[in-house]
Amino acid sequence: MTQEAVAGRDIAPSRGSRTATLRTLLLSLSPERGWLLPAALLAALVILTAVPLATVVVGSFRPEGLPLSAGWTLAHYIGIWSSAATYRLLGDTLLFAFGSTLLAIVIALALAWLIERTDVPGRGMFRVALLMPMATPPLLLAIGWVLIMSPRIGLIPTALQPWLGSFENGFNFYSLGGMIFVQGLAYVPTAFLILAPMVLNMDPTFEEAATVAGASAAQTLRRVSLPFLMPSLLSVGTLLAIVGVATFDVPAVVGLPGNVWVLSSEIFSMMNPSSGPPRYGESAAINASLFVLLLLALVVYERSTRHAERFAAISGKGYKAARFALRGWRIPATCFISGYFVLAVVLPFAALLWVSLVPYFSGFKPGLIAGLSFKAYADTFGSERVLDSIHNSLLIAFAASAGLMLLALILAWAIVRSRLRWARVLLDVFSMIPMGVPHLMTGVALIFVFFSWRAIPLYGTVWIIVLGHLIIYLPLASRMMQSGMMQINRELEEAAVVSGASLAQNLRRIVTPLLRPAMFALFLWVMVHSLREFSVAVMLQSGRNEVLSTILFSFWETGEPARAAAIAIVLMLALGALVALMARLTRQPGGA
Amino acid sequence: MLTARDLRKTFQAQEGKTLNALDGVNFEIAKGAFFTLLGPSGCGKTTTLRSIVGLERPDSGLIEVNGKPVFDSAGAVFVPPNKRRMGMVFQSYAIWPHMNVFENVAFPLRVGATRIGAAELAGMVARVLRTVQLGGYEKRPATRLSGGQQQRLALARALVMEPDLLLLDEPLSNLDAKLREAMRLELRRLQREVGITTVYVTHDQIEALALSDVIAVMRDGRIVQSGDPESIYNRPATRFVASFIGSTNVVEGRVRAAPGTAASGLVETGMGSFECVFSDAARGADAVALSIRPENVELTAEGEPAQPGRSGSHNVFAGRIVERVFLGEVVDYLVAVGAREWRVRGRPERSFPLHQSVSLYVRPAHCLALPDDLAPVAP
Chain A
1 MTQEAVAGRD IAPSRGSRTA TLRTLLLSLS PERGWLLPAA LLAALVILTA
51 VPLATVVVGS FRPEGLPLSA GWTLAHYIGI WSSAATYRLL GDTLLFAFGS
101 TLLAIVIALA LAWLIERTDV PGRGMFRVAL LMPMATPPLL LAIGWVLIMS
151 PRIGLIPTAL QPWLGSFENG FNFYSLGGMI FVQGLAYVPT AFLILAPMVL
201 NMDPTFEEAA TVAGASAAQT LRRVSLPFLM PSLLSVGTLL AIVGVATFDV
251 PAVVGLPGNV WVLSSEIFSM MNPSSGPPRY GESAAINASL FVLLLLALVV
301 YERSTRHAER FAAISGKGYK AARFALRGWR IPATCFISGY FVLAVVLPFA
351 ALLWVSLVPY FSGFKPGLIA GLSFKAYADT FGSERVLDSI HNSLLIAFAA
401 SAGLMLLALI LAWAIVRSRL RWARVLLDVF SMIPMGVPHL MTGVALIFVF
451 FSWRAIPLYG TVWIIVLGHL IIYLPLASRM MQSGMMQINR ELEEAAVVSG
501 ASLAQNLRRI VTPLLRPAMF ALFLWVMVHS LREFSVAVML QSGRNEVLST
551 ILFSFWETGE PARAAAIAIV LMLALGALVA LMARLTRQPG GA
Chain B
1 MLTARDLRKT FQAQEGKTLN ALDGVNFEIA KGAFFTLLGP SGCGKTTTLR
51 SIVGLERPDS GLIEVNGKPV FDSAGAVFVP PNKRRMGMVF QSYAIWPHMN
101 VFENVAFPLR VGATRIGAAE LAGMVARVLR TVQLGGYEKR PATRLSGGQQ
151 QRLALARALV MEPDLLLLDE PLSNLDAKLR EAMRLELRRL QREVGITTVY
201 VTHDQIEALA LSDVIAVMRD GRIVQSGDPE SIYNRPATRF VASFIGSTNV
251 VEGRVRAAPG TAASGLVETG MGSFECVFSD AARGADAVAL SIRPENVELT
301 AEGEPAQPGR SGSHNVFAGR IVERVFLGEV VDYLVAVGAR EWRVRGRPER
351 SFPLHQSVSL YVRPAHCLAL PDDLAPVAP
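Just so you know, the protein sequences line up as chains A and B, in that order. Under the numbering used here, think of the first position of the first sequence as 1, with each following residue one higher. Under the numbering used here, think of the first position of the second sequence as 1, with each following residue one higher.
Don't take every hint at face value.
Unchecked claim - These stretches of chain A come out as covered by chain B in the derived footprint (C-beta under 8 Å, 3 or more residues):
| hint | region |
| --- | --- |
| 1 | 493 to 500 |
| 2 | 553 to 563 |
Claimed, not checked - Cβ-Cβ distance ranges computed for the label pairs, FRET-style:
| hint | chain 1 | residue 1 | chain 2 | residue 2 | range |
| --- | --- | --- | --- | --- | --- |
| 3 | A | L326 | B | L179 | 54 to 60 Å |
| 4 | A | L326 | B | S41 | 47 to 53 Å |
| 5 | A | R490 | B | N66 | 53 to 59 Å |
| 6 | A | L193 | B | L374 | 24 to 30 Å |
| 7 | A | F520 | B | N66 | 53 to 59 Å |
| 8 | B | A365 | A | D203 | 54 to 60 Å |
| 9 | A | D203 | B | E230 | 34 to 40 Å |
| 10 | B | E193 | A | L193 | 53 to 59 Å |
| 11 | B | G328 | A | L420 | 53 to 59 Å |
| 12 | A | L420 | B | A287 | 43 to 49 Å |
| 13 | A | L394 | B | R140 | 55 to 61 Å |
| 14 | B | D204 | A | R516 | 51 to 57 Å |
Honestly, the hints are just simulated from the structure, not real lab data. Glycine residues also receive a C-beta, built at the ideal position from the N, C-alpha and C atoms.
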């Protein structure tokens with residue numbers, strides 16, 4: 001049966017050209033080689049992410065500010081960048097962003113270190129509990145702390161009044177300091193989620209070498225561990241600063257009453273002036289300038305993450321670092337960690353609860369305890385306006401979650417499985433654009449788009465908010481799904497194909513069941529974030545599309561703190577339940 | 001039964017370099033044969049296998065199954081992989097973790113175009129599970145199977161739709177040594193029993209020798225030599241094939257007397273002159289590589305009379321034993337000859353001690369002159 005390599009023979013005669021074109025067309029539909037699916041997805045992404053961006057940029061060059069109006073001008077940019085007020089604004093914004101970032105990183109690093117590298121008691125519980133602040137959105141955290149620290153009627157000043165006298169002319173919480181404090185607390189969970197794995201997976205041999213060479217624990221920390229973590233710290237810091245420059249929740253609640261303005265407050269007031277029409281042109285110019293700044297920062301972030309990966313060496317055999325024994329420091333360490341929870345969850349929650357139960361808010365006086373009642377809850381949740389807003393919130397959250405789940409699934413499939421390099425790169429880039437776009441700017445962009453194109457009747461409805469949420473949560477949804485998709489060995493799908501499955505059968509019987517945990521986690525994640533989202537909702541607010549966060553803010557602004565607090569408490573409990581559910585579903589085996 | 005004609009494929013690697021994955025691959029496989037693609041990593045064997053099943057698409061060429069083309073670049077024919085009706089066992093087995101044994105095996109029957117009744121389906125699944133000795137395991141979750149069981153499950157799934165062709169992509173590489181040997185025998189038995197045409201990909205030459213009817217040795221996207229195991233082992237066509245299959249000693253040399261029409265010629269090397277048999281490809285060459293297998297080197301202690309059968313002063317050289325390993329039925333030696341070390345395999349009854357000076361002799365029939373396709377290319 002000896003076979004020799006056969007030299008070339010005549011190939012079968014070629015077929016007709018019509019069948020050839022038909023086959024080529026059919027091939028273009030196949031997911032791996034075809035360009036039809038990636039092209040369609042890219043078109044959808046461009047409409048979702050690039051078009052809104054473009055309308056703002058175009059609008060910034062229009063005298064009237066709206067993209068479809070006539071004429072071109074640089075007046076808006078000149079006006080903004082030649083005014084001293086802008087630079088003061090920029091300065092305060094950067095102070096706010098960097099200050100809160102620094103605070104968050106210091107706390108998060110300490111927490112990560114204690115939980116992942118020492119034997120502090122209760123660390124398993126703490127690790128899970130650090131998800132809970134997701135149920136305390138920055139808006140509610142801010143309101144809670146204002147209730148606690150407001151100079152005249154805050155809970156702490158009034159409680160301490162008998163001993164320390166009036167605080168009215170003393171410490172003012174409505175300041176940059178107050179804003180940094182609240183925002184910093186709000187960032188800690190995110191920073192922790194990124195830093196903890198890096199701290200956990202540090203190569204222990206570097207520290208061991210230092211110890212063997214004679215260094216004490218403190219010296220090892222300072223001279224070896226910290227420098228190694230520096231690239232990761234810088235990368236997390238950049239990410240948080242990017243968010244901090246654009247965030248609006250805390251500046252709205254803590255900054256505005258104290259007349260502390262940042263860029264986001266300025267943008268909001270331009271779009272919602274107390275008198276006169278919205279200043280579209282100028283707000284577009286600020287937004288566009290802000291976007292350019294953030295884009296630069298994102299480039300810095302990408303660079304620094306590349307460096308971070310170089311340093312975070314894990315020795316391949318899964319050999320993890322030993323834990324430091326705290327001994328005498330156990331109690332202080334536990335107090336420190338608990339202290340964070342008290343500041344970030346317990347106190348604000350308690351403050352809101354108190355305010356929702358007292359007949360009228362005038363600080364903390366023991367005498368008021370007798371008058372506690374649930375009247376505010378009855379009033380609030382009996383009102384049609386509030387019930388409508390609950391309905392809107394739930395509708396928006398479900399629609400955004402379901403829509404993103406589907407979109408992210410197809411997107412991740414196309415990015416991870418496509419053989420076409422341009423498809424993978426372009427789809428990923430475009431799905432990441434919203435990361436550099438402040439949420440307020442997305443709101444502004446959507447106003448521009450649907451105000452200009454009235455033919456599509458989305459302006460002022462809940463669906464425009466759904467669209468806004470789809471856009472702002474797209475980057476993370478795409479990444480989450482890609483990560484899930486990459487866990488599925490390509491051969492599992494190839495085996496299905498070779499066994500005779502069509503594309504639909506493959507997706508339905510193999511990919512979706514295997515992705516189910518990731519899809520469910522994504523659904524819950526988007527739901528939680530959509531329910532607590534504020535910037536986009538407040539920018540797109542109209543009489544018809546109030547959601548829980550905007551109606552809460554409205555009650556707060558119009559001097560009905562009890563109603564605001566009642567909604568806040570219910571919202572926090574609902575979010576807490578969702579977060580707990582999510583934690584159970586994505587439970588990962590923790591370190592020893 | 002399966003024909004491949006002039007398959008070519010290039011990949012774009014990073015930094016703009018093009019990789020020649022398939023550089024003109026041609027072969028024909030007879031019905032019922034066990035055909036192995038053997039070669040080092042990157043030689044194109046897996047690309048070839050995946051092209052047969054349709055998971056890769058060559059840039060040009062022809063693949064025909066039973067006379068009908070499944071891929072033909074000239075006529076723009078490409079039958080998609082889910083329509084080729086071939087059974088494939090993947091390197092990772094690709095057992096679906098969210099299904100049990102029955103569902104894994106039944107999958108091809110359920111997604112196919114023809115509807116199969118529940119009773120008939122259950123019967124087919126039970127039958128194939130018995131063939132791979134997994135009978136009774138239907139309800140077991142796929143995640144609770146050992147490595148060997150997973151492999152048999154993958155085989156069952158590949159065979160259940162009674163395909164014309166069975167393709168295996170390095171299926172034994174994930175198993176430990178003992179299991180690998182056992183599964184090798186099982187695979188061979190199974191293939192003979194079912195009689196299915198099989199294409200097997202591996203980098204392990206022992207597996208190839210043990211399992212195959214025909215071995216095609218591949219390198220850099222081409223088939224260098226193809227034949228039955230004994231031909232490949234005893235009559236390698238080039239230095240690469242000789243080195244890749246089994247172990248061998250190689251000496252470079254220049255031709256002093258070309259063989260012409262005779263069987264053997266004379267080659268001058270740094271160790272002396274050799275009368276040797278020339279492979280077809282080496283007949284016109286000036287520079288050749290001599291391949292001498294360790295078991296074909298005859299040792300005599302220095303000072304002892306030469307054994308009968310030796311002719312002339314060719315094919316003889318001197319050395320000293322520097323390493324000796326007793327393996328039971330053979331003794332392996334490492335013999336220092338000048339600056340090089342030769343591997344020699346000897347019988348235990350005529351054994352030599354360490355540091356013994358010896359004379360080495362190779363019969364002309366065991367000395368192969370081959371084209372030197374491993375020599376560094378001259379600048």
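Item to check | Contradicted hints - numbers only | outcome: Numbers 2, 3, 5, 6, 7, 9, 13 and 14 - these are the hints that the structure violates, sorted from lowest upward.
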